[in-house]
Amino acid sequence: MNINNTILVSGFILGLFAVLGTSIVGITHESTAAKILDNENKARLRKLNQILPHDQYDNELLKTTIEIAADARLGQHKPSIVYIARQQEKVSAMIFSVIAPKGYSGEIKMLVGVNIDGSVAGVRIVSHKETPGLGDAMEIERSDWVLGFDTHSLSRPEAKHWKVKRDGGYFDQFTGATITPRAVVQAVHLCLVYFDRHKQTLIDQYTRSQQTGLIHKPAHKQDENSTRTAKTDDTATDTTENRGSDK
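Residues in the sequence shown are numbered consecutively from 18, following this note's numbering.
Be aware that one or more of the hints could be misleading.
Pairs of lysine-lysine, DSS-like flavour, derived with a Cα cap of 27 Å [unchecked claim]: (1) 80 x 119; (2) 64 x 52; (3) 107 x 80; (4) 59 x 80; (5) 64 x 119; (6) 95 x 64.
These are computed hints drawn from the structure, not numbers from a lab.
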């Protein structure tokens with residue numbers, strides 16, 4: 018074998034190894050990505066089922082969604098997904114992704130389930146940066162405080178009592194912490210307001226998505242006064258409150 022053939026063979030072998038190496042990396046990446054996505058979906062479904070037990074719906078929640086426009090009442094600045102629960106072909110509840118913007122240490126992301134009658138199906142915290150040992154009492158793993166929203170609605174308690182007790186409202190605050198629960202209470206209340214105003218539009222949007230088999234884009238635009246409403250409803254005293262801990 019002359020030197021030219023040797024170079025060609027060596028080049029071919031190196032190229033073959035490069036192709037094989039790239040293929041293996043690609044396959045591994047795809048497999049890992051698929052596993053991560055599957056784990057994320059399972060974790061998300063567990064969280065959704067904490068809000069709405071599986072025996073309260075008969076569809077696949079992760080696959081039954083609609084996309085809604087950004088709305089200040091949900092704390093969202095971009096479109097978000099709403100999970101639609103169904104029983105016997107009828108919408109029974111919706112689960113919203115909600116952000117409480119005024120936590121002690123920033124945004125508090127949560128899922129808020131609303132039954133079709135407008136009552137709270139459940140609330141679960143998804144992520145936050147609140148003070149460990151104080152603000153994190155909103156996590157179901159830390160305390161049962163968040164269960165206090167279950168079954169409540171816009172009329173129970175009435176609007177003026179959708180506050181923590183320190184502000185003259187119905188809901189408990191935490192020992193040594195007020196800003197965090199105040200932010201969550203306000204966010205849940207605004208979500209109920211949003212649902213009340215858009216309930217039929219959301220149902221119609223879901224119905225159209227079932228007819229076409231697609232996730233429909235928002236059928237409504239953000240109300241002109243939604244940002245103003247959210248700001249008005251959020252004018253609690255947290256900005257004037259001074260706390261060394263999480264008060």
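Cross-check of the supplied hints:
no. : hint     : verdict
1   : 80 x 119 : 31 Å, violated
2   : 64 x 52  : 18 Å, holds
3   : 107 x 80 : 16 Å, holds
4   : 59 x 80  : 13 Å, holds
5   : 64 x 119 : 23 Å, holds
6   : 95 x 64  : 22 Å, holds
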